[in-house]
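Engineer: So the chains spell out like this:
There are 4 protein chains.
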Amino acid sequence: ADLLTSPILSWAPSTVLALQCLLSGSWRSDTGCRMVVSVLSKDGRFSGSYLPGPAAGNSEILTSPLEGSQQDARLVPHPTFSFIVHWQLRDSDTTRTTAFLGQCYTGTNGEETLHALWLLREAADSPAEDWKATRVGTSIFTRIK
Amino acid sequence: ADLLTSPILSWAPSTVLALQCLLSGSWRSDTGCRMVVSVLSKDGRFSGSYLPGPAAGNSEILTSPLEGSQQDARLVPHPTFSFIVHWQLRDSDTTRTTAFLGQCYTGTNGEETLHALWLLREAADSPAEDWKATRVGTSIFTRIK
Amino acid sequence: ADLLTSPILSWAPSTVLALQCLLSGSWRSDTGCRMVVSVLSKDGRFSGSYLPGPAAGNSEILTSPLEGSQQDARLVPHPTFSFIVHWQLRDSDTTRTTAFLGQCYTGTNGEETLHALWLLREAADSPAEDWKATRVGTSIFTRIK
Amino acid sequence: ADLLTSPILSWAPSTVLALQCLLSGSWRSDTGCRMVVSVLSKDGRFSGSYLPGPAAGNSEILTSPLEGSQQDARLVPHPTFSFIVHWQLRDSDTTRTTAFLGQCYTGTNGEETLHALWLLREAADSPAEDWKATRVGTSIFTRIK
Chain A
5 ADLLTSPILS
15 WAPSTVLALQ
25 CLLSGSWRSD
35 TGCRMVVSVL
45 SKDGRFSGSY
55 LPGPAAGNSE
65 ILTSPLEGSQ
75 QDARLVPHPT
85 FSFIVHWQLR
95 DSDTTRTTAF
105 LGQCYTGTNG
115 EETLHALWLL
125 REAADSPAED
135 WKATRVGTSI
145 FTRIK
Chain B
5 ADLLTSPILS
15 WAPSTVLALQ
25 CLLSGSWRSD
35 TGCRMVVSVL
45 SKDGRFSGSY
55 LPGPAAGNSE
65 ILTSPLEGSQ
75 QDARLVPHPT
85 FSFIVHWQLR
95 DSDTTRTTAF
105 LGQCYTGTNG
115 EETLHALWLL
125 REAADSPAED
135 WKATRVGTSI
145 FTRIK
Chain C
5 ADLLTSPILS
15 WAPSTVLALQ
25 CLLSGSWRSD
35 TGCRMVVSVL
45 SKDGRFSGSY
55 LPGPAAGNSE
65 ILTSPLEGSQ
75 QDARLVPHPT
85 FSFIVHWQLR
95 DSDTTRTTAF
105 LGQCYTGTNG
115 EETLHALWLL
125 REAADSPAED
135 WKATRVGTSI
145 FTRIK
Chain D
5 ADLLTSPILS
15 WAPSTVLALQ
25 CLLSGSWRSD
35 TGCRMVVSVL
45 SKDGRFSGSY
55 LPGPAAGNSE
65 ILTSPLEGSQ
75 QDARLVPHPT
85 FSFIVHWQLR
95 DSDTTRTTAF
105 LGQCYTGTNG
115 EETLHALWLL
125 REAADSPAED
135 WKATRVGTSI
145 FTRIK
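Residue numbers (our numbering), protein chains in the order written: chain A, 5 to 149; chain B, 5 to 149; chain C, 5 to 149; chain D, 5 to 149.
Rather than coming from a laboratory, the hints here were simulated on the basis of the structure. All clues stand as given, with none of them false.
Lysine-lysine pairs mimicking DSS-like chemistry, simulated, CA-CA at most 30 Å apart:
{"hint": "1", "chain 1": "D", "residue 1": "K136", "chain 2": "A", "residue 2": "K136"}
{"hint": "2", "chain 1": "C", "residue 1": "K149", "chain 2": "C", "residue 2": "K46"}
{"hint": "3", "chain 1": "B", "residue 1": "K149", "chain 2": "C", "residue 2": "K136"}
{"hint": "4", "chain 1": "D", "residue 1": "K149", "chain 2": "D", "residue 2": "K46"}
Partner residues aside, some chain D positions facing chain A, computed with beta carbon under 7 Å:
{"hint": "5", "residue": "T35"}
{"hint": "6", "residue": "W135"}
{"hint": "7", "residue": "K136"}
{"hint": "8", "residue": "T138"}
{"hint": "9", "residue": "R139"}
{"hint": "10", "residue": "V140"}
{"hint": "11", "residue": "G141"}
Ideal Cβ positions, reconstructed from N, Cα and C, are used throughout, including at glycine.
This is chain A alone, in the form it adopts within the complex:
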């Protein structure tokens, strides 16, 4: 909020674009999950929650905490970001962690899109099981208005 009322920024029309692609807010993934990201700290860090969406139909996942950081959106048009989700699972002691690594793009209509690749590790019971511990995929997030 104080960003928007800052005297410097209110004088600079060119910063309107730069104020986009801040990860703060609510996002929906292409698999129907929701993500809520806190206000960013001065150095770009954030925390938040990853929630199963209505479309997911997967009640196994509970609301799970995430932490990450993003590159300064006032300095670059397509800031990169990274965050880690520690999954909270119903009826399971298995440790699952996902590392997301991505970049925010703004379309010609001003719509922000997060493009991310992720690695998901399910804790292996032994070194001999390590080879199959990691999945890979992509996620695309759009802002929930």
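Fit chains B, C and D to the known structure of chain A by using the hints.
Structural biologist: Same frame as chain A, now just chains B, C and D:
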């Protein structure tokens, strides 16, 4: 140090194993880089540095900061961990970030090994370049005595 | 062939669905490239070409050969497939190869979609460069009518 | 065999190096599996088998067919290769396919090593399950004498 002198732990021989696989300390990767990890906070967070090693011969990379967390090493034999490195590059404004996701294993000789997969993103200039922004690989770290 | 002439199947309109998700034909990727796949052999093998599309604007890539195979589309609703593209590049001797691994899905409207993850290797000059040789990503293909 | 007895090659000591890194033969992976690769065809194609090794202790996997190709080992010192394994599993109808993409390196002692990244897809039952279908990892193979 206070862990080792704690009265509870000094009474419990079975915790000797559990005290391994704390990421704090110095590690060498299979590509000859070094990593120094801080003492872990109570909730498992750490910071540190990633350094090009003598074997790397790659002066492009400067000492780069890392941040991450690990699962409680006193509760599980092979704790998982994740950390993010924001690369500092000589003569380059390119933003490069690596997300490591892995697990610590202890050999029969007590030697700790970190097995990790990583994603490395080099910031894309535009959405059309996004498809080729991400590399993938594995790293194995052993503790530097 | 005997499937198609089987009395049971010839009476069953529901097998029309099963005949979908044969990879033969022309496809467009979400990055604007085109792919042309030959008629499949009896054991599911195919060859074809990968072409830069009009949307790609990347004249570096020339029409490149591909080879692969798919699981029997008449036996499963979402057959898996794999194929390899050996890239032909203008003004470059670099060897680049992509391995695609995916699955075909049919929407409620009958539209076929190919979901694939890929690894792209650019030949490393030496073992010391091997760690950065491989990129990862996803592609989605839809059939060109 | 006729390569080795070819008059041209027997006159040219410099080609001794070039004859290495042909994938034909038997290999052991760092996870204890064995791989047997056929003589390469003139255009670099090969077939073969992937076998669970004695160290694997995983009787779930049966000997599984593989097919692939490699870059001409007589033209480049570190030829790239790719191959696909269609897994044969005991007591399972699940379709699993792995795409390997890698490069062969020759050490100073003449020992050949294959460095590969792979994607392993387990067929998803529906598009909603597709996001978690793919695992990623690395394999290192050394030749069995």
